[in-house]
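*Asks:* Required output: the full structure, derived from the provided sequences and hints.
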Amino acid sequence: MLLVNQIRENYAVSLAGLQKRNIANAASILDQVIALDDLRKSTQTQRDQFQAEANSISKQIGQLMKEGKAAEASAIRERTAQIKEQIKELEDQYTKVEEDLKALLYTIPNVPHASVPTGKSAEDNEIVLQQGEIPSLHADKLPHWELIKKYDIIDFDLGVKITGAGFPVYKGKGARLQRALINFFLDEALAAGYTEVQPPILVNEDSGYGTGQLPDKEGQMYFASADQLYLIPTAEVPITNLYRDVIVTEESLPIRNVGYTPCFRREAGSWGAHVRGLNRLHQFDKVEIVQITHPDKSYETLESMSSYVQGLLQKLELPYRVLRLCGGDMGFTSALTYDMEVFSAAQERWLEVSSVSNFETYQTNRLKLRFKGDDKKTQLAHSLNGSALALPRIVAAILENNQTPDGIRMPKVLHRYLGFDSI
RNA sequence: AGAGAGUUGGGUGAGUGGCUGAAACCAACAGUUUGCUAAACUGUCGUACGGGUUAAACUGUACCGGGGGUUCGAAUCCCCCACUCUCUGCCA
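With full-length UniProt numbering, the residue at position 39 of the first sequence is 39, and numbering never jumps.
None of these hints come from the bench; they were simulated from the model.
In this text, all values refer to a predicted model and were calculated from it rather than measured experimentally.
It is possible that part of the hints are untrue.
[Said to hold, decoys possible] In silico SDA-like links for lysine to any residue, alpha-carbon gap of 25 Å or less:
#, residue 1, residue 2
1, K412, G174
2, K69, N55
3, K412, D152
4, K315, D406
5, K88, K102
6, K149, G419
7, K173, L142
8, K173, N402
9, K412, R176
10, K88, S42
11, K102, A27
12, K171, T195
[Stated by the list, open to error] Label-pair restraints from in silico Cβ distances:
#, residue 1, residue 2, range
13, D31, D296, 29 to 35 Å
14, N5, G311, 37 to 43 Å
15, A268, A103, 20 to 26 Å
16, E146, A103, 45 to 51 Å
17, R409, V246, 43 to 49 Å
18, K66, V246, 41 to 47 Å
19, E303, G419, 31 to 37 Å
20, P215, Q131, 35 to 41 Å
21, V248, E126, 30 to 36 Å
22, I34, H415, 57 to 63 Å
23, P215, I83, 34 to 40 Å
24, G62, D227, 44 to 50 Å
25, R409, N204, 43 to 49 Å
Quick reminder that beta carbons are idealized off the backbone N, C-alpha and C, glycines included.
*Replies:* Below is the structure:
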């Protein structure tokens, strides 16, 4: 969440940023934050004064008891009753103000970076670059949901039988392609200096709040109610929360982790025309990269993460483009996001396969993820993450773009992982 | 899942109602000494939110797993929860 002090000190920037997200009453929201924080401070000052008085009386009583002056002790003891009442009242008020402030802050998204374009929807995203050749396919090209049937590599009906819609079963070469991609992505990340982690894929409520899925996206996560645990929608949640309530040394930055996990999304209400086949699933596999950086380095890091992801797409021989998301399309917690989309040549659509974001201090503030520098001061680090990559749409694009009448050619870079070179 | 024992600052670990934000030791940091290293000695050595200051100094409050209660006063007593360890059971 946003820092109140940042709102105070950079009021104009915060206001302009939230307006870029098309929040109409941004000014009144920010004013409310400041007013609540003022009230919080004054309440605390009062409460602390009373508490200090109560503490001092208690000490006196202790001293008198020790000296055997029981009568004097019980005399001043009577005075504490009213003080206690006032403390209680102020304490309750403080708790309420603090909760109100927090609740309000939870509803405010991150302030977009200056370079974020204005806009209302995905239409307004800025195309930063486009690379790779869009293949021209033969006339009887098939979309991937036909190809997977033709070659019997992914079975949606079986998934429906054992679980439900959106839970495909990968079979034979389909399953091996999944495994090859995961290994390829992990090996690439390792070579780029990331440390591999295997986190839990169920997380508790605190973790959900830490990275911002809660309370914003409560309905999008599967919830195991018997144990009060959420199935992760992305490895970002457990991996970033590894550093919740942690103060790291400045030298340990940047922290770079990569992890493969299945991801679970309820996608409530988002099923429509363009979600056939692998385009949108309830369960899918993803390799995620996460970095914790010094605040001065985070935008440099964002660019390097973007280049890294583009490198993967190039190695997979997929045509792609990079979008800088506009204020209206950006995620709640992000300050700047690049989306990478690959062209899926039979659907003739661009499919989002990665989203690389800098959250600045929005997550680390909730996480209390700080570092201590040479000046001994602790300050919030910046957090970033990106998909590298999400599998299903990569699979869709590979299948569609490389189809021939005689089979589907696999990208060269995967051959040694696959053990075959075509399907 | 049942029974028992625990959870204290970066670590080990004292502390059963007031003088304890917390002994001691270790680690870490700064300095002194030393030709260098080591050793020794001295000092510093938690976090958050307030007040205060140009900034400091200084100062208030809270925090001994989390939440609640008893009390003038709680790390210390009581209740609930989480987690850890041991034994039993079950199990990939």
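*Asks:* Taking the Cβ atom of R409 and the Cβ atom of N204, is their distance within the range 43 to 49 Å?
*Replies:* 45 Å, holds
*Asks:* For the pair supplied as a hint, K315 and D406, confirm whether the alpha-carbon distance does not exceed 25 Å.
*Replies:* 23 Å, holds
*Asks:* Are the Cα positions of K69 and N55 separated by 25 Å at most?
*Replies:* 19 Å, holds
*Asks:* Is the gap between the beta carbons of R409 and V246 within 43 to 49 Å?
*Replies:* 46 Å, holds
*Asks:* For the pair supplied as a hint, K173 and N402, confirm whether the alpha-carbon distance does not exceed 25 Å.
*Replies:* 15 Å, holds
*Asks:* Within 25 Å, alpha carbon to alpha carbon, are K412 and D152?
*Replies:* OK: K412 and D152 at ~22 Å, within 25 Å.
*Asks:* Could you see if the CB distance from P215 to Q131 stays within 35 to 41 Å?
*Replies:* 39 Å, holds
*Asks:* Holds or violated: 41 to 47 Å for the Cβ distance of K66 and V246?
*Replies:* 43 Å, holds
*Asks:* Could you tell me whether the CB distance from E303 to G419 stays inside 31 to 37 Å?
*Replies:* The hinted range 31 to 37 Å holds for E303 and G419, with Cβ atoms some 36 Å apart.
*Asks:* In this structure, is the beta-carbon distance linking I34 and H415 contained in 57 to 63 Å?
*Replies:* 60 Å, holds
*Asks:* Within 34 to 40 Å or not, the Cβ separation of P215 and I83?
*Replies:* Given range 34 to 40 Å: holds, Cβ gap about 37 Å.
*Asks:* Can the restraint linking K173 and L142 be considered satisfied, given a maximum Cα separation of 25 Å?
*Replies:* 18 Å, holds
The structure shown violates just one earlier hint, number 12.
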